[in-house]
Amino acid sequence: MNFVWKRLLATLPSLAGVVVLTFLLSHALPGDPAAYFAGPAADANSIAEIREKLGLDRPLVEQFFYYVADLLRGNLGKSLTTGQPVLTDLVDRLPASLELSAYALVFAIGCAIPMGVLAAIRLDRPADHACRVIVTVCAAFPTFFIGLLLVYVFYFLLGWAPEPLGRLNEILYTAPPRVTGAYTIDALIAGDGEVFRAALAQLVLPAISLGLFALAPLARITRAAMLESLSSDFVRTAHASGLPTSKVLFTYAFRNSLLPISSVLGMVFSFLLGSNVLIEQVFGWQGVGAYAVSAVLASDYAAVQGFVLMMALLYILLNLLVDVLATLIDPRVRFEG
Amino acid sequence: MSDHLTISDLNLEFRTRHGTVRALEDVSLTVRRGEIVGVVGESGSGKSVMAYSVMGLSDAAADIKRGSIVLGGMDLLTTRGEAMRAIRGREMAMIFQSPRTALNPIRKVGRQIEDVLLEHAAIPRRDLKKAAIAALERVRIPDPERRYNAYPFELSGGMCQRIMIAIALACSPSLLIADEPTTGLDVTTQAVIMDLIRDKSRDSRMSTLLITHDLGLAGEYCDRIAVMHAGHVVEIAPTDVLLAHPAHPYTRQLLAATPTPDSTIDTLSSIGGQLPDLRRELPPCRFSERCVRKMPQCDLPPLPWTELSSDHLVRCRVPL
Chain E
1 MNFVWKRLLA
11 TLPSLAGVVV
21 LTFLLSHALP
31 GDPAAYFAGP
41 AADANSIAEI
51 REKLGLDRPL
61 VEQFFYYVAD
71 LLRGNLGKSL
81 TTGQPVLTDL
91 VDRLPASLEL
101 SAYALVFAIG
111 CAIPMGVLAA
121 IRLDRPADHA
131 CRVIVTVCAA
141 FPTFFIGLLL
151 VYVFYFLLGW
161 APEPLGRLNE
171 ILYTAPPRVT
181 GAYTIDALIA
191 GDGEVFRAAL
201 AQLVLPAISL
211 GLFALAPLAR
221 ITRAAMLESL
231 SSDFVRTAHA
241 SGLPTSKVLF
251 TYAFRNSLLP
261 ISSVLGMVFS
271 FLLGSNVLIE
281 QVFGWQGVGA
291 YAVSAVLASD
301 YAAVQGFVLM
311 MALLYILLNL
321 LVDVLATLID
331 PRVRFEG
Chain R
1 MSDHLTISDL
11 NLEFRTRHGT
21 VRALEDVSLT
31 VRRGEIVGVV
41 GESGSGKSVM
51 AYSVMGLSDA
61 AADIKRGSIV
71 LGGMDLLTTR
81 GEAMRAIRGR
91 EMAMIFQSPR
101 TALNPIRKVG
111 RQIEDVLLEH
121 AAIPRRDLKK
131 AAIAALERVR
141 IPDPERRYNA
151 YPFELSGGMC
161 QRIMIAIALA
171 CSPSLLIADE
181 PTTGLDVTTQ
191 AVIMDLIRDK
201 SRDSRMSTLL
211 ITHDLGLAGE
221 YCDRIAVMHA
231 GHVVEIAPTD
241 VLLAHPAHPY
251 TRQLLAATPT
261 PDSTIDTLSS
271 IGGQLPDLRR
281 ELPPCRFSER
291 CVRKMPQCDL
301 PPLPWTELSS
311 DHLVRCRVPL
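Chains as they are written, first to last, in full-length UniProt numbering: chain E, 1 to 337; chain R, 1 to 320.
Worth double-checking, as some hints may not be accurate.
[Claimed, not checked] 20 Å max Cα-Cα, derived DMTMM-like pairs, lysine to aspartate or glutamate:
{"#": "1", "chain 1": "R", "residue 1": "Lys65", "chain 2": "R", "residue 2": "Glu281"}
{"#": "2", "chain 1": "E", "residue 1": "Lys247", "chain 2": "R", "residue 2": "Glu119"}
{"#": "3", "chain 1": "E", "residue 1": "Lys247", "chain 2": "R", "residue 2": "Glu281"}
{"#": "4", "chain 1": "R", "residue 1": "Lys108", "chain 2": "E", "residue 2": "Asp233"}
{"#": "5", "chain 1": "E", "residue 1": "Lys78", "chain 2": "E", "residue 2": "Glu52"}
{"#": "6", "chain 1": "R", "residue 1": "Lys108", "chain 2": "R", "residue 2": "Asp63"}
{"#": "7", "chain 1": "R", "residue 1": "Lys108", "chain 2": "E", "residue 2": "Asp330"}
[As the list claims (entries may be wrong)] Using C-beta positions, here's what the derived DEER-type ranges look like:
{"#": "8", "chain 1": "E", "residue 1": "Leu321", "chain 2": "R", "residue 2": "Glu137", "range": "21 to 29 Å"}
{"#": "9", "chain 1": "R", "residue 1": "Asp75", "chain 2": "E", "residue 2": "Pro244", "range": "20 to 28 Å"}
{"#": "10", "chain 1": "R", "residue 1": "Arg125", "chain 2": "E", "residue 2": "Leu321", "range": "33 to 41 Å"}
{"#": "11", "chain 1": "R", "residue 1": "Asp75", "chain 2": "E", "residue 2": "Leu320", "range": "55 to 63 Å"}
{"#": "12", "chain 1": "E", "residue 1": "Pro244", "chain 2": "R", "residue 2": "Val70", "range": "19 to 27 Å"}
{"#": "13", "chain 1": "E", "residue 1": "Val91", "chain 2": "R", "residue 2": "Pro142", "range": "56 to 64 Å"}
{"#": "14", "chain 1": "R", "residue 1": "Glu137", "chain 2": "E", "residue 2": "Phe250", "range": "28 to 36 Å"}
{"#": "15", "chain 1": "E", "residue 1": "Leu320", "chain 2": "R", "residue 2": "Met74", "range": "54 to 62 Å"}
{"#": "16", "chain 1": "E", "residue 1": "Pro244", "chain 2": "R", "residue 2": "Ser2", "range": "28 to 36 Å"}
{"#": "17", "chain 1": "E", "residue 1": "Ala130", "chain 2": "R", "residue 2": "Arg15", "range": "23 to 31 Å"}
{"#": "18", "chain 1": "R", "residue 1": "His213", "chain 2": "E", "residue 2": "Leu123", "range": "26 to 34 Å"}
Quick caveat, the hints were computed from the structure, so don't treat them as lab data.
The C-beta atom is built at its ideal place from N, Cα and C for all residues, glycine as well.
Produce the complete structure using the sequences and hints provided.
What follows is the structure, given as C-alpha cells:
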C-alpha cells in the first residue's frame with residue numbers, strides 16, 4: 001500500500017505538466033476564442049467586451065490561476081457544439097470508449113498471448129512462421145481500413161453483423177438504466193439478456209478491428225519474453241529437476257515473461273484509447289474519440305482541452321496500474337520501488 | 001565399490017552452420033557408488049557437454065553418434081521423454097555455476113524445493129512445507145523456516161548455491177553432477193559448499209561427478225580425477241597418483257600451472273598453444289600440436305589407452 005501512495009505522489013509532477021500544457025495549448029492554437037463566442041456578426045467593441053468578460057485581457061499567469069481554480073472545482077468550461085458543460089459530456093461518453101477499448105484489449109490478449117507462447121515453443125517451425133505472418137499483417141494495415149473491411153465483409157456481404165451504427169440499435173432496444181455507462185455491464189445488472197446480446201453484437205466488429213491493432217506488439221513481446229525465459233538458467237534447472245513440461249512452461253517460463261508483457265500491455269491500452277478516435281468514426285460509436293474529432297473540427301477549444309486533460313489522466317492512472325501489477329508479478333520490483 | 005555411472009565410447013557432435021564440431025570423441029568414464037570423481041580441463045574441453053549428455057539435457061544441435069551412458073543398470077541414451085524426466089531430479093540431479101541465475105527469481109526458494117518434492121517424492125501435500133524446510137536444514141541453512149519464504153535475490157551467492165544443493169538433494173539422488181559449483185564464490189564460501197557436497201555424498205553413498213577447471217579444488221575433494229582435453233579424456237587416475245605421477249604431458253602441464261602457496265606469478269607456468277579447432281580433421285592425439293614431446297608415431301592412428309596400473313589409464317603413446 002505504501003508503494004501505491006509513493007507512486008501516486010510521483011504522478012503529481014506529470015499532472016502539473018499536463019495542466020500547464022493544456023492551458024498553453026488553448027492559447028497557442030490559432031483563432032480568437034472571444035471572436036468565436038461573439039459570433040460572425042459582432043463588431044470590435046462587443047468582441048473586446050466578451051474578451052474582458054472571459055478574462056482573456058488579463059496577464060497569462062493570472063489566467064492560468066483562474067484556469068487551475070476552475071479545474072479544481074471540476075469546471076472544464078462549456079462546449080460550443082453541445083452547449084453542455086464539457087465535464088458532463090466527457091463523463092457521458094467515456095464509458096462507451098472504455099467499454100470498446102476493454103473488449104478490444106481482451107480480444108487482443110486472448111489471441112496474442114497464446115500465439116506468442118506457441119511461437120516461442122515452436123521456434124522456427126511452421127507455427128512460428130504462421131504467427132509472424134499474422135502479426136505482420138495486423139501491424140501493416142491501418143485500424144480504420146480493417147474496420148471498413150470487416151464492415152464490408154460481415155455486414156454488407158454476409159449479413160452476420162448488425163448495422164455499424166453506434167452502440168445499440170435504438171429502434172429495437174432501449175438502453176439499459178445507467179449504472180456504469182457500459183451497456184453490456186448495465187444490461188447484465190438489469191438482468192436484460194436480450195439487450196446484453198444486442199450490445200455485444202454491436203461491439204464485436206469495432207472491438208476486433210481495434211484489437212487486431214494491439215495484437216501485433218503483444219504477440220511480439222510475448223514471443224520475445226518467452227524465448228528469453230526458456231533459454232534462462234532457471235528453466236534449465238527446472239528441466240534438470242525433472243519437472244513436468246507444463247510446469248516448466250507456465251510456472252517457470254511464462255510467469256517470468258509476465259513483467260515485460262504487462263508493461264507493453266499498459267502501453268498498448270493507451271494506444272487503443274488513442275485509436276478509438278478513428279474506430280468510433282467508422283462505427284458511429286458515441287464515445288469520447290468521436291466527440292474530440294467533432295470538437296477539433298468546430299474549434300471547440302474547451303472540449304478539446306477537456307479531452308486532452310482526461311486522456312492524460314487516464315494514461316497516468318494506467319501507468320500506475322501497470323506499476324502495481326508489476327509488484328504483484330515480481331517481488332524484486334517491490335524492493336526497488 | 002561397484003560402477004554406478006558408466007560412460008563408454010561416447011561420441012558427440014554439434015551440427016553448426018560452420019561445420020560439424022566433434023565435441024566428444026571416445027569418452028569413457030566410470031563413477032563408482034559413493035565416489036567423487038573430478039573432471040578437469042580448460043574451457044571448451046567438453047566437460048559440461050559430457051555432463052549435459054548424462055542428464056539428457058543436450059542442446060538440440062547435439063548428435064550422439066556412438067557410445068552408451070549407463071546409470072545403475074539403466075541405459076540413459078535409449079531412455080526418452082517421460083521416463084527420462086522421472087529419472088532426472090530423482091535418480092540424478094545437477095547443480096550449476098552462477099546459482100543466483102539458476103534459481104527462479106520470482107518464486108520463493110521453499111516453493112522451488114516443493115516443486116521437486118511434489119514431482120518425485122510420495123509426500124502428501126500438507127507435509128510438503130515441512131519436507132522443504134527439512135531439506136533446507138540438511139544443507140545447513142540457518143533459520144530454515146524464515147529462508148523458506150525468501151526469494152533468490154534476497155540471498156547471497158553461497159546461500160543460493162546451498163538452496164540449489166537442497167533442490168538437487170531433495171529426493172536423495174544416487175548421482176549428483178556438480179558443474180563448476182563454486183565458480184564465482186569467494187574462497188571461504190567455496191570451501192563451505194565443497195565440504196557440504198563431500199559430506200552429503202559420504203553420508204548417503206551418493207556418486208558425484210565434479211566438473212571444474214580448478215585442479216587444486218579437484219585434488220582436495222575427489223577420489224579420482226579424469227583430465228579432459230579437446231573432447232578426449234586424456235588421463236584418469238586416483239587423485240594422489242595423478243597429482244604425484246602424472247603420466248600425460250597435458251596433466252603435467254596443468255599441474256605446473258596450478259598455483260601453490262609457494263608459487264609466484266613468475267614461477268607459475270602456462271600451457272602453450274590453444275585448444276585445436278574441433279571442426280577440422282584432427283590428428284589421433286588432439287594434444288599433439290601443443291605437446292613438447294611429440295614424436296612421429298603420435299600421428300599414427302589409433303590412439304591407444306595405456307594402462308599404467310589397474311586404476312591409472314592414460315591416452316598417450318609415450319606416457320611420462
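Hints not upheld, ascending by number: Numbers 3, 6, 8, in rising order.
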